[in-house]
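Chains as they are written, first to last, in our numbering: chain H, 1 to 262; chain W, 1 to 261.
In case anyone wonders, no lab produced these hints; they're calculated from the structure.
Because the structure is a prediction, the values reported are computed rather than measured.
Here a beta-carbon is modelled for each residue, glycine too, at the ideal position from N, C-alpha and C.
Be a bit skeptical, because a hint or two may be false.
Partial list, computed: chain H residues near chain W (C-beta under 10 Å) [stated by the list, open to error]:
| no. | residue |
| --- | --- |
| 1 | 77 |
| 2 | 86 |
| 3 | 97 |
| 4 | 108 |
| 5 | 110 |
| 6 | 114 |
| 7 | 130 |
| 8 | 158 |
| 9 | 211 |
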Amino acid sequence: MAALLEVNHLTKQFGKDSKALTDVSFSVQEGEFVSIIGPSGAGKSTLLRCINRMIDASGGEIRFQDHHVMDLKKKELKQVRTKIGMIFQHYNLVNRLSVIENTLHGKLGTKSTWAGVLGLYSNEEKKQAIQILNVLGLNEMIYKRADQLSGGQKQRVGIARALIQNPRMLLCDEPIASLDPNSAKVIMDHLKKVSTTMGITVVVNLHQVDVAIKYSDRIIGINKGQVVYNGSAKALTSEDIQRIYGSEAEDLIFDIGGIHAG
Amino acid sequence: MQADIFAKKKRNTLAFLLLLGALTILAMIITEYNVLKGFTSIPKAIQWGMANFYPTAESLEKLPVILDKLQETLLVSIAATTAAAVFALLFSIFGSNTTRVNAFFGAITRGIATVFRNIDVAAWALILLFSFGQSALTGYFALFFGSFGFLTRAFTETIDEVSGGSVEALKATGAGYFSIIFQSVIPSSIPQLISWILFMIETNIRSATLIGLLTGSGIGFTFNLYYKSLAYDTASLVVVVIIAAILLIEYASNYVRKVIL
Numbered sequence: 001m002a003a004l005l006e007v008n009h010l011t012k013q014f015g016k017d018s019k020a021l022t023d024v025s026f027s028v029q030e031g032e033f034v035s036i037i038g039p040s041g042a043g044k045s046t047l048l049r050c051i052n053r054m055i056d057a058s059g060g061e062i063r064f065q066d067h068h069v070m071d072l073k074k075k076e077l078k079q080v081r082t083k084i085g086m087i088f089q090h091y092n093l094v095n096r097l098s099v100i101e102n103t104l105h106g107k108l109g110t111k112s113t114w115a116g117v118l119g120l121y122s123n124e125e126k127k128q129a130i131q132i133l134n135v136l137g138l139n140e141m142i143y144k145r146a147d148q149l150s151g152g153q154k155q156r157v158g159i160a161r162a163l164i165q166n167p168r169m170l171l172c173d174e175p176i177a178s179l180d181p182n183s184a185k186v187i188m189d190h191l192k193k194v195s196t197t198m199g200i201t202v203v204v205n206l207h208q209v210d211v212a213i214k215y216s217d218r219i220i221g222i223n224k225g226q227v228v229y230n231g232s233a234k235a236l237t238s239e240d241i242q243r244i245y246g247s248e249a250e251d252l253i254f255d256i257g258g259i260h261a262g
Numbered sequence: 001m002q003a004d005i006f007a008k009k010k011r012n013t014l015a016f017l018l019l020l021g022a023l024t025i026l027a028m029i030i031t032e033y034n035v036l037k038g039f040t041s042i043p044k045a046i047q048w049g050m051a052n053f054y055p056t057a058e059s060l061e062k063l064p065v066i067l068d069k070l071q072e073t074l075l076v077s078i079a080a081t082t083a084a085a086v087f088a089l090l091f092s093i094f095g096s097n098t099t100r101v102n103a104f105f106g107a108i109t110r111g112i113a114t115v116f117r118n119i120d121v122a123a124w125a126l127i128l129l130f131s132f133g134q135s136a137l138t139g140y141f142a143l144f145f146g147s148f149g150f151l152t153r154a155f156t157e158t159i160d161e162v163s164g165g166s167v168e169a170l171k172a173t174g175a176g177y178f179s180i181i182f183q184s185v186i187p188s189s190i191p192q193l194i195s196w197i198l199f200m201i202e203t204n205i206r207s208a209t210l211i212g213l214l215t216g217s218g219i220g221f222t223f224n225l226y227y228k229s230l231a232y233d234t235a236s237l238v239v240v241v242i243i244a245a246i247l248l249i250e251y252a253s254n255y256v257r258k259v260i261l
């Protein structure tokens, strides 16, 4: 299997001397479910945003399919972005628009300027949107305004907006950090289903180590902008967690032995 | 240590009050203002107002002329505001941190708006008197420039506050600049934008009355005319009409706000 995404020696510097990422290298295989974990401020969000160049990295190389992402011109970059769905902690929907309009926004990347400005969507696109919303259990919310939904429902709209892009890969930035445990489980189950049934590669930033272990094929641990663990979720030991979270590891609210046993 | 913080706070407050008092007394000495005389003359002013400043049956004959001028003032205010809003929207999109094309261009647009905002409408009227003379056009442009500066600032902040997240999301889907503006920025911020425009129309109707005094047009000039010719009854009718119009407009715009928000 070829690597879908390859990150080599990536660095990101904010200002003069604050380094967010230092020599980060990893690769993600087609169809893999990868979680990135690490303490707050370790650079997880920055790393994720460097992949689709929402933030420009300072050095290194990113390869997605056959594209050298960091050398792409504006137009090519947009084309690559249409193949990468993104899901956010705060959902980032347009609150005053309906669920289906928010979903169809995922198609804007493939539209001409005029069609995009006027919001012209074909019947097939609308059907696809409704079908995706059905799969995500939002069939009764289709014409509701986004601000009338609960957090979990909003995040599902976020997933729908990403899926209608027909993406090769999903980047999820703390998708469950603002959700209650029940909704969080629903969202993670949907992401897992997306990865196994549709073969879409999923890269998730997570705060919860137990969730990462339960859902991922592989875990990448980051501390102070450096990769300190890169291996299968099953092989993650409490020493590894100690390395990822440093002194904070003692304060984590779960027991790693218990999770692997369950 | 903690006691020190409280003692310091008290000292600061006391020093501030003393400074304020000293400034007030200094200003009163320089301008030869007598507080006692100032306040005791209020009842006299009210007495004079009750005796002279009320509309009479005669003055009602002037009502059509007054209403005609009022209509002119209202329409000029609305036209100046809406035209300014169009330009303000363009400038705020280019000046807002979430939607600007680049940092340089953003700083320039914000700079222009700041200049326009910091010159008061009355100052604009005085400046424009030189180029347009005493006409309604002067008033129109004074209101236009003042509103443009203020609305650009208000719109910029609205856009930054409301649409940051969804702009990021649409960018990540590969959407183009204009798609993002029309599908995310405008739909998210339109109610607040309309609310600001309504607020500006209200403010402009109030300023227009004053501007009219300077530019010799509209309802402000009408008031000045009757007042200077000692026709106090008609002048007071003008004031009543203005107040009624302002209350009506405020009621209408509050209603619109309630519906759209």
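Against the structure, the hints:
1. 77: 8 Å, holds
2. 86: With a closest approach of 4 Å, the residue 86 of chain H hint holds.
3. 97: Holds. Min distance 5 Å.
4. 108: 4 Å, holds
5. 110: 8 Å, holds
6. 114: 9 Å, holds
7. 130: Since the shortest Cβ distance to chain W is 19 Å, the answer is violated.
8. 158: 8 Å, holds
9. 211: With a minimum Cβ separation of about 23 Å from chain W (threshold 10 Å), the hint on residue 211 of chain H is violated.
Figure legend: structure checked against the earlier numbered hints; hints not met, in rising order: 7 and 9.
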